Amino acid sequence: MDPLAAIRETFFQECEEQLAELEAGLLAMEEGDSDPETINAVFRAVHSIKGGAGAFSLEALIRFAHVFETALDEMRSGRLAPSGEVLKTMLRAADVLADLVRAAHDDDSSDDPRAAALVEELKAMSGGAEDTSESEEDWGDFEFKPQVIAFDAPAAPAGYVVRFKPRADLYAKANEAALLLRELTRLGEAQIELDAHDVPPLADLDPEAAYLAWTVTLTGDADETTIREVFEFVDGDCELDVQPIADGDGGGDGGEALPAFDLSALLAKVQQDGANDPPLIVQPDEPETAPAAAIPPPPPAAPVTPPPPANDPHPDAQGPGARKAAEGATIRVDLERVDRMIDLVGELVINQAVLAQRVMEAGLARASAVAVGLDELEQLTREIQDSVMAIRAQPVKSVFQRIPRLVREVSAMTGKPVRLVTEGEGTEVDKTVIERLADPLTHMIRNAIDHGLESPEKRAAAGKPAEGVVRLSAAHRSGRIVIEVSDDGGGINRERVKAIAVEKGLISAEATLSDEEIDNLIFMPGFSTASEISEVSGRGVGMDVVRRSIQALGGRINITSKPDKGSTFTMSLPLTLAVLDGMVVSVSGQTLVAPITAIVETLQPKAEDVHSLGGHARVISIRGGFVPLIDVGLALNYRADPLPATQGVALLIEGEGGARAALLVDAIQGQRQVVIKSLEANYRQVPGVAAATILGDGRVALILDIDTIVAVSRGETRKAG
Amino acid sequence: MSMTVLTVDDSRTMREMLRLALADAGFHVVQAEDGIHGLEVLQAAAERPQVIVTDINMPRMDGFGFIEEVRGDQRYRGIPILVLTTESDAEKKNRARMAGATGWIVKPFNPVKLVDAIRRVAA
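Order-wise, the sequence lines are chains E and Y. The opening position of the first sequence corresponds to residue -4 in the numbering used here, with each subsequent residue numbered one higher. The opening position of the second sequence corresponds to residue 495 in the numbering used here, with each subsequent residue numbered one higher.
Think of the hints as simulated: they come from the structure by calculation, not from any bench. Careful, some of the hints might be misleading.
Stated by the list, open to error - Using 16 angstroms as the maximum straight-line C-alpha spacing, the simulated EDC-like pairs for lysine to aspartate or glutamate come out as follows: (1) Y:Lys607 to E:Glu178; (2) Y:Lys607 to E:Glu224; (3) E:Lys557 to E:Glu512; (4) Y:Lys607 to E:Glu227.
Being a predicted model, the structure only gives us computed values, none of them experimental.
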């Protein structure tokens, strides 16, 4: 790649990091963080983006970043108080900046109207501080004089006489008179006279003081501005006088007296003087560190050779590389390689299981050396598997990070002030789970604000603070990750939910439903509570889509709601999509796997507990309650006639929202961890089947999609009833 | 012998831009990410840099602090230091000079001006 294009990519990567830092900093300030380093980091982020944008001439980005930076600088310097309102605007500005960065990356030059609006807001905040830095520029007191003289001498002068007397400060800043004189010689023909009158006797000589002065008569095309530019860096650290050579006068008092030798001759002479006159060299062993006040400058042609760093304690250490190596805590690995390794480890686990089974079949004693070795192998395989899975694990932070912006946008759209509280950002889960979590989470947060929170007026009437709170949290709980989205709004309006469900034909008007069942109606396909489709949530997708996305990840979602207190959506997801703890069962001669997380208990149905509802629909009485009894063989069309309940085993399972059902299978074979093989990727989607796995004996077993089976059977039960 | 230039900037983009421009001009480039790192690199460098180019806004130790440290060290005080500033910010320029900066380069720099500025302060 062209090196500049590569740097451009680096720039955009860096922008993303800085945008994250910017947002995190602003959010921390919103939470009351008053550490000056926080605002400094925020400022630096915008400043760096602007700097890089400048290098690539990304005009829209530069303009916006500049205004943003100016406002942040006001805040940094304490002239603008970081109030809630100010920070909200800053956060919106950060969002716009992020959009502009992405637009610049995609070479999209379309104008963002929000950018223009925010520029005005930011400028208003900065209180016109905008242009001060520019106007302060270059008000050096002697900038005016030359212009006056230029008017006095309308014809271009033949040249200029430059009088230059460095002050000690010039040398202290590592400027070098000889280099400046060399620059002058590049502008035209220069005659240089050294004035060493001020050099005191050696005893009085201060090595750090400045004693020398030069008068340069420069003839050629160079104008005064160009000459002064040479001295740009030493402005104020020297006495500088630039006068045009007067006609016939030869230029000022010293002009005619100038000896006619060039710079190199002067330098050579001075240097020779120095060499012949050792006392003049004050610190011969340290020529570099002593300012060159009384020491003749080196000839311009010869580069200054630095003395070796004699007191360098680590001559072998190699600059930034050394530090990087010490820090080297992470490496970047192609995701494909990790996935391939995970796949291979999956195969290894299967293979190990096959081997174990074969050894058992061979009739070897449990205590035999082979069996013991095999146990150790199993242990190791498990550990490898866990370690490999851990490589894919990432903190949910990457998803959580996108939420504050979403909240701000939805808050602005709905006019409901919202405070977002996040917890457990560091909780780790498989990368794929994280990626696929973004959409459902976005939807749920939108819903929480749009439908969950009441309007500010209603909140005020209910005696609640105007600002609604949306809480997003993640935590590990018994081998799964649990993510909760809760709001402190009005809770589910159960009457309305039920009315809508009846209206849409989802339930019959006479149905008696528990509060919990009503709450769970919102997950039904075709249900949408917003009577008019709102700009925020009205996208034609409802909570049923959220539920299906979560299910596709092997997760569950349910809701709890309290009137006037708010609602909480709880999602429970597996930490990895690669393995599953399963209950291996047989149904009509087939081996199937049911996810153990869904199973509450197993039981042997008794004839008196099972009641037929007509058709194939049956319910089973468990401790006084009735749950539907679903014949898995029937549900999957393995058989046409139902299995007598007493001949099978029932798995009591709990689906979404705590809905219970009993799955009737022929027999239970045992529990085991299975490696999930996607059925969709290798074959196609099959209703009622979530995935497949390979068992120890090498046979393929299907993994049941319990919720689908329950949903399908329920529908049939309802129809039958 | 090629001249060694130490660049101190917290932005990866800027560091890379500087490296590209300076390497193209035949300089040897060593890099640091902030003032403190800059001092470490200076201590550890096998070859003392002849010129330092530093940014101002940096975490841990900013450009002003870095310049002051360099100027306060007998071994390094003679090294010319150019500061990177944006849009000829007069206030920052003056502060940098007070701290002991030799000269400045206005961002976004073009490679020719950068190299010119370096040649103006170093032999």
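Quiz item: Is Y:Lys607 within 16 angstroms of E:Glu178, Cα to Cα?
Solution: 14 angstroms, holds
Self-check item: 16 angstroms limit on alpha-carbon distance, applied to hinted pair E:Lys557 and E:Glu512
Solution: 14 angstroms, holds
Exercise. Measure nothing beyond the straight line between the CA atoms of Y:Lys607 and E:Glu224; if it is 16 angstroms or shorter, mark the hint as holding.
Key: Holds, at roughly 13 angstroms.
Quiz prompt | Proposed proximity, E:Glu227 with Y:Lys607 (alpha carbon, max 16 angstroms) | solution = Status holds; Cα separation ~14 angstroms.
Consistency with the previously given hints is maintained throughout, with no hint failing.
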